[in-house]
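Single-letter residue listing:
Protein chains: 2
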Amino acid sequence: MNIAVLGTGVVGNAIASKLVSLGHEVKMGSRTPDNEKAAAWVKRAGALASQGTFAGAASFGEVVFVCTNGAATLDALHAAGAQPLAGKVLIDVSNPLDFSKGMPPRLFTASDESLGERVQRAFPDAKVVKALNTVNCEVMVDPGRVGGGDHDMFVAGDDAAAKGRVVEILTGWFGWKTVHDLGDITGARGMEMYLPLWLRLWGSLKTADFNVRVVRG
Amino acid sequence: MNIAVLGTGVVGNAIASKLVSLGHEVKMGSRTPDNEKAAAWVKRAGALASQGTFAGAASFGEVVFVCTNGAATLDALHAAGAQPLAGKVLIDVSNPLDFSKGMPPRLFTASDESLGERVQRAFPDAKVVKALNTVNCEVMVDPGRVGGGDHDMFVAGDDAAAKGRVVEILTGWFGWKTVHDLGDITGARGMEMYLPLWLRLWGSLKTADFNVRVVRG
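Residue numbers (the working numbering), protein chains in the order written: chain D, 574 to 790; chain V, 574 to 790.
These are computed hints drawn from the structure, not numbers from a lab.
Do not take every clue at face value.
Remember, identical chains collapse to one label, so a pair may be satisfied in a single copy or spanning two.
[What the hints assert, rightly or not] Only pairs whose alpha carbons sit at most 20 Å apart, straight line, appear in this in silico DMTMM-like list of lysine to aspartate or glutamate:
(1) K750 to D715
(2) K616 to D671
(3) K750 to D723
(4) K674 to D757
(5) K779 to D757
(6) K661 to D731
(7) K616 to E598
(8) K616 to D731
(9) K779 to D754
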């Protein structure tokens, strides 16, 4: 499948590399067509990898992963354009982290609207599904590296078919065992507001190789 | 030990009853000395149980559990007064939930200051420890009812000795197996901002008998 990965940071690299390793053609999108980090990734990732602008990548992909810094997510998607995103599954991995006031980062939007909702509101014809933002990028694409994979992922989105497709990607491609459907895109609030707890656990555990498992009565 | 439980709702009832069952003398505090819900609890709980005003309970307790509705927490503590709280371990179980705009509730304070921090700021001589707010009240005092107790609690607070005492209460009295220390009271942000995810899981699991376990790499 042709897939777009928007963003050239560690998250974009991890997801794009995983997708290429599964045999998919992946175009990494950035502000400029010749971004150096994207070029370095293409060189490492081989024949199935390519790079382009946000618009070029969005046009290329049948599915679009949004792996930008949360503060840049809407700008990147506006650069991609509404038309190339229309009707597509848009997997929003980004977090609304604001580092401008120091560490730990605050969230620049939280209780009243999630970043996932802002994305869906700005691009009503895209099928936005929030996913993967609750774990470190290495865990996203290799859940088995933590506790034998015995921990959980969440999804939220308005379009049931799109959400089902994302669950297939998470379980069938990435190896997640359990994915909890948190309902419509407002469920992204819970997934994003979990980040401050994740950040504290990262500090106390001194590793990003962790996640939570939901234990039932 | 003499213990104060501020609040007459389901959380206050669950914690106060558990403490009495362990042989502690418990005074349930409320706005008025003759609160009907507190009186009903005293009648059920027996000789170790008593009721009083917030100030009366706070004076009585060597340890103070704050089990009020989050929107009422600071008012209740101001009614209790700074002097009776000074030097005491104050376990803040309350959540900053705002139901005024419908369900699910929003948080009335979140990313920039937690309710736990507001409490510590308003009562600098109290030793505030955030705990137990991340689970349903029945799970708080009986973690074994969910998955054999194989799930985790968190604490945050500025005073290390107070936090250590709370961890003893959680593990020795209430039966928690694993308690993660999230650092100073600003760690309460993570514990409170977890609530929207808890609420969504409650909706999807259709039971409040659940919790999360931290799984490590």
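Outcome of the hint check:
Taking the shortest alpha-carbon separations for K750 and D715, only the intra-copy value of 11 Å comes in at or below 20 Å, while the best inter-copy value is 28 Å. Proximity of K616 and D671 under a CA criterion of 20 Å is satisfied in neither setting, with 32 Å inside one chain copy and 51 Å between copies. In the homo-oligomer, the alpha carbons of K750 and D723 lie at most 20 Å apart both inside one protomer (7 Å) and across protomers (19 Å), since each shortest distance falls under that limit. Taking CA atoms no more than 20 Å apart as the test, K674 paired with D757 passes between copies only; the shortest distance there is 18 Å, against 31 Å inside one copy.
Within a single copy, K779 and D757 get their C-alpha atoms only as close as 33 Å, which misses the 20 Å cut-off; across copies the closest is 16 Å, which meets it. Only within a single protomer do K661 and D731 lie at most 20 Å apart by alpha-carbon distance; the minimum there is 13 Å, versus 48 Å between protomers. Taking the shortest Cα distances, K616 and E598 sit within 20 Å of each other inside one copy (14 Å), while across copies they are farther apart (70 Å). With identical chains, the CA atoms of K616 and D731 are never at most 20 Å apart, being 37 Å at best within one copy and 49 Å at best between copies.
For the homomeric pair K779 and D754, the shortest alpha-carbon distance between copies (12 Å) is at most 20 Å, but the shortest distance inside one copy (29 Å) is not.
The structure does not agree with the numbered hints 2, 8 stated previously, though it agrees with the rest.
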